[in-house]
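Asker: These are the residues of each chain, in order.
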Amino acid sequence: MARVTSASLIRRAQDGDELAFDELYCAVHPGLLRYLRVLVGSDAEDVASEAWLCMVRDLHTFSGDDQAFRGWAASIARHRAIDHLRHRDRRPAVPVPADDFMELPASEDAEALALTAVATDAAVRLIATLPPDQAEAVMLRAVLGLDAKTAGKVLGKRPGAVRTAAHRGLQRLAEQLTSAPTSENRARVTFLTAPTVKEAR
Amino acid sequence: MSTRPRLRRSVAEHLLDGATDAGPPPLAELLAAAAAPAHPGELAGRQAVTQAYRAHRDAVPLPRRRSMLKTALAKALTVKAAAIAAVAVGGGVALAATTGVLPNPLGTTGKPSASHSPKPSHSPGAKGSPSPNLEGLCKAYAAKPDGERGKALESPAFQALVTAAGGLDKVTDYCVTLLPSSKPSAPGAKPSTPGKPSTKPSGAPTVKPTDHPGAPSGTPSHR
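Going line by line, the protein sequences match chains A and B. To convert, take the position in the first sequence, counting from 1, and add 443; that gives this note's numbering. To convert, take the position in the second sequence, counting from 1, and add 10; that gives this note's numbering.
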């Protein structure tokens, strides 16, 4: 995912340049949507739309660079997600069983497979099984590309606390991935099957 | 847990910063997959959001947009100043060439600057751009003689442009925004009336086109 959207692109979008806005959307939306999937599960699309409407409305009030913009977008999305959950009065949807992913054909090209939509989906679902603070920290940093300070602002935490949560999350993911039974040639796509291991525990 | 491989903090930080060559490969790949480029299905809401953006932009004229218009104008004028300077240096009398350039900056500056590339590069396989022909329509619109523009917009061919701009009277502004490196001569603001161009060359050679793009000396005669 493109992590850098230049300040001038943001500025152009604020000035009414539709193409610049479109570019901004394409750069930021996928990460935002994946983050929201961790927060609200299958309602992510709806919440993302609401968030973008807020952003469109308030775009002229924003000022800052690319980091700040992503942080701003994440904050808005997070608020919308919390509102959504409160309104729906329920916890995020529990990730679907991993059976779906067991059927994936073993690919010769593991790197290409890792870049498919289904792999992204599986990866996000696996991250979503982490404790919420860890899952959010990992998503904001590794997927939305925020630094610890910006992510801390989004989450209302100190940068150090975000770092710790993200590290714990990664540690936990690494344990799940390495404890999955793997043969040499499947090692690189093990995350696709890892949730089953977790369920079996 | 059967194994507990410790993930060093520095490695974790590296991974969180987007490195794909750190830590255990499965973990790096998991994160790479989670942060993969946009998948087409994820951009399904693109058109709706862009539409909302357009609607909001046109409903609430931002003060900043004016500054952008000025920028676009200044750019267009810079192009002219450069052309004039070139002409003045090169041949003196070749004013015809100048007027040939001036009335239709859109045609001659066909290459949009890199920063305004119309194709977002982050959307492999995404559905077509929400406004595939608008740029072309703008060029066509700008290429029309002043008197014919209003009529042209009533034809079905320009319907998409009028809709996108948000109204007949907004098309010029819209096109200025869309084609920032050039400027359709708005009805009323005649940038290039071939009537008395003789005022231009005299002042022009002193203009250094690259120095002050914001303030070409020719400005007063155009606004």
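Where hints are given, some of them may not hold.
Pair by pair, the computed Cβ-Cβ distance ranges are [as the list claims (entries may be wrong)]:
1) A:Arg454 with B:Pro47: 20 to 26 angstroms
2) A:Ala450 with B:His24: 23 to 29 angstroms
3) B:Gln57 with A:Asp508: 24 to 30 angstroms
4) A:Ile525 with B:Pro35: 34 to 40 angstroms
5) A:Ser518 with B:Gly51: 23 to 29 angstroms
6) A:Asp526 with B:Asp179: 37 to 43 angstroms
7) A:Phe505 with B:Gly177: 38 to 44 angstroms
8) B:Lys180 with A:Glu488: 43 to 49 angstroms
Chain A stretches covered by chain B per the calculated footprint, using a threshold of three residues with CB under 8 angstroms from any CB of chain B [claimed, not checked]:
9) 467-479
10) 487-500
11) 518-528
If we take Cβ atoms under 8 angstroms as the criterion, some of the chain B residues that face chain A in the derived model are [claimed, not checked]:
12) Ala43
13) Ala58
14) His66
15) Ala69
16) Thr173
Please keep in mind that the hints were generated in silico from the structure rather than gathered at the bench. Quantities reported herein were computed from a predicted structural model and do not represent experimental measurements. Glycine included, every Cβ here is placed at the ideal spot set by N, Cα and C.
Asker: Hint by hint, note whether the structure agrees.
Answerer: Okay, the hints, checked on the actual structure:
Distance hint for A:Arg454 and B:Pro47: a CB-CB separation of about 24 angstroms, consistent with the stated range 20 to 26 angstroms. Separation of A:Ala450 from B:His24 is about 25 angstroms and conforms to the stated range, judged on CB atoms against 23 to 29 angstroms. Hint check: B:Gln57 to A:Asp508, Cβ distance near 28 angstroms, so the stated range 24 to 30 angstroms holds. As the Cβ distance of A:Ile525 to B:Pro35 is approximately 35 angstroms, the hint placing it in 34 to 40 angstroms holds.
In this structure, A:Ser518 and B:Gly51 meet the distance hint of 23 to 29 angstroms, their C-beta atoms being roughly 25 angstroms apart. The hinted range of 37 to 43 angstroms is satisfied by A:Asp526 and B:Asp179, whose Cβ atoms lie roughly 39 angstroms apart. Between A:Phe505 and B:Gly177 the Cβ separation comes to about 27 angstroms, which falls outside the hinted range of 38 to 44 angstroms. Our hint of 43 to 49 angstroms for B:Lys180 and A:Glu488 is violated, since their Cβ atoms are close to 31 angstroms apart.
Note: the region 467-479 of chain A has 8 residues with beta-carbon separation from chain B under 8 angstroms; the three-residue rule is met and the coverage holds. With 7 residues having a beta carbon nearer than 8 angstroms to a beta carbon of chain B, the region 487-500 of chain A meets the requirement of three or more and the stated coverage holds. A count of 0 residues in the region 518-528 of chain A with a Cβ less than 8 angstroms from any Cβ of chain B is obtained; the coverage claim is therefore unmet, three being the minimum. The criterion of a C-beta within 8 angstroms of any C-beta in chain A is met by B:Ala43, whose closest approach is roughly 4 angstroms, and the hint holds.
For B:Ala58, the suggested interface contact is upheld, since its CB lies about 7 angstroms from the closest CB of chain A, less than 8 angstroms. At a threshold of 8 angstroms, the smallest CB-CB gap from B:His66 to chain A is about 5 angstroms, leaving the interface hint in force. Interface hint at B:Ala69: violated, since its Cβ lies 10 angstroms from the closest Cβ of chain A, which is beyond the 8 angstroms cut-off. A distance limit of 8 angstroms between C-beta atoms decides the matter here; for B:Thr173 the minimum to chain A is near 13 angstroms, and the interface restraint is violated.
In terms of the numbered hints stated before, the structure departs from hints 7, 8, 11, 15, 16, listed from lowest to highest.
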